[in-house]
Amino acid sequence: MYIGQSEANVREVFNKARSATPCILFFDELDSLAPKRGQNGDSGGVGDRVVSQLLTEMDGLTSENYQIFILGATNRPDLIDSALLRPGRLDKSVYVGGCDDKESKLHVLKALTKKFNMSSNVYLEDLIDNLPQQVTGAELYGMCHNAWLHSARRVIQQQIVNNKDKLQVFDDHLIVTQEDFTNALNESFKQK
2 MYIGQSEANV REVFNKARSA TPCILFFDEL DSLAPKRGQN GDSGGVGDRV VSQLLTEMDG
62 LTSENYQIFI LGATNRPDLI DSALLRPGRL DKSVYVGGCD DKESKLHVLK ALTKKFNMSS
122 NVYLEDLIDN LPQQVTGAEL YGMCHNAWLH SARRVIQQQI VNNKDKLQVF DDHLIVTQED
182 FTNALNESFK QK
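So the sequence shown is numbered by the numbering used here: it starts at 2 and just counts up by one.
Hints may be right or wrong, so weigh each one.
What follows is a set of in silico ranges between Cβ atoms, one per label pair, in the way DEER data are often shown [to be verified]: (1) 74 with 163: 46 to 52 Å; (2) 184 with 107: 18 to 24 Å; (3) 111 with 74: 33 to 39 Å; (4) 70 with 120: 43 to 49 Å; (5) 97 with 23: 20 to 26 Å; (6) 10 with 79: 23 to 29 Å; (7) 102 with 70: 18 to 24 Å; (8) 191 with 138: 31 to 37 Å; (9) 101 with 17: 36 to 42 Å.
Think about it this way: if two alpha-carbon atoms lie no more than 20 Å apart in a straight line, the pair counts; the simulated EDC-like pairs of lysine to aspartate or glutamate are [what the hints assert, rightly or not]: (10) 111 with 180; (11) 93 with 30; (12) 116 with 102; (13) 103 with 130; (14) 103 with 92; (15) 93 with 58; (16) 93 with 32; (17) 111 with 92; (18) 37 with 92; (19) 116 with 140; (20) 115 with 180; (21) 111 with 79; (22) 37 with 79; (23) 115 with 140; (24) 37 with 58; (25) 37 with 49; (26) 37 with 8; (27) 115 with 126; (28) 17 with 60; (29) 103 with 140; (30) 116 with 101; (31) 93 with 104.
Hints are computed from structural coordinates only; laboratory data are not their basis.
Positions of the beta carbon are idealized from the N, C-alpha and C atoms, including for glycine.
Please build the complete structure, drawing on both the sequences and the hints.
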């Protein structure tokens with residue numbers, strides 16, 4: 002990277018968007034791309050310059066009447082530079098919350114576990130009763146991933162006990178149990 006390269010990258014993204022109109026620019030984790038200026042702690046002020054370049058490019062789109070729609074996503078809107086949120090830039094905000102009803106949670110859990118080999122004793126509905134009232138899809142994914150890891154650990158331990166020379170763990174050997182899910186739930190959503 003060279004001095005000014007980050008700002009050049011921002012310009013390049015917008016130049017490509019201008020040549021592809023109409024189009025949508027989507028910035029994920031916008032709070033890391035455009036944090037509040039003056040609070041970054043970077044001695045070179047690179048973050049501040051990137052935010053300034055982003056603002057300049059956005060303002061240029063409205064003055065030239067380009068058909069470019071800009072979207073940003075963040076978990077921390079409080080960290081975004083307020084100049085980005087002014088009218089004519091990113092002036093609309095839509096809150097996308099987590100799952101807060103049993104039906105939504107069950108739907109997400111079923112989607113996340115559709116490729117799992119699950120024991121007949123797994124009742125996703127029972128897990129839902131022990132979840133927090135508000136839970137995100139990412140949190141449910143983490144819980145399901147941890148349940149799968151519990152199953153993998155169990156299979157590996159069984160192979161070690163049986164003195165298998167070559168450890169082989171295949172998906173069809175992994176059967177996720179209710180206990181795996183319960184352990185994962187307790188790890189993922191520890192009581193505070």
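Going down the list of hints, with the structure as the test:
no., hint, result
1, 74 with 163: 46 to 52 Å, "48 Å, holds"
2, 184 with 107: 18 to 24 Å, "20 Å, holds"
3, 111 with 74: 33 to 39 Å, "25 Å, violated"
4, 70 with 120: 43 to 49 Å, "47 Å, holds"
5, 97 with 23: 20 to 26 Å, "24 Å, holds"
6, 10 with 79: 23 to 29 Å, "25 Å, holds"
7, 102 with 70: 18 to 24 Å, "31 Å, violated"
8, 191 with 138: 31 to 37 Å, "19 Å, violated"
9, 101 with 17: 36 to 42 Å, "39 Å, holds"
10, 111 with 180, "17 Å, holds"
11, 93 with 30, "17 Å, holds"
12, 116 with 102, "24 Å, violated"
13, 103 with 130, "8 Å, holds"
14, 103 with 92, "33 Å, violated"
15, 93 with 58, "18 Å, holds"
16, 93 with 32, "16 Å, holds"
17, 111 with 92, "36 Å, violated"
18, 37 with 92, "16 Å, holds"
19, 116 with 140, "18 Å, holds"
20, 115 with 180, "18 Å, holds"
21, 111 with 79, "33 Å, violated"
22, 37 with 79, "9 Å, holds"
23, 115 with 140, "17 Å, holds"
24, 37 with 58, "17 Å, holds"
25, 37 with 49, "8 Å, holds"
26, 37 with 8, "16 Å, holds"
27, 115 with 126, "15 Å, holds"
28, 17 with 60, "16 Å, holds"
29, 103 with 140, "15 Å, holds"
30, 116 with 101, "24 Å, violated"
31, 93 with 104, "29 Å, violated"
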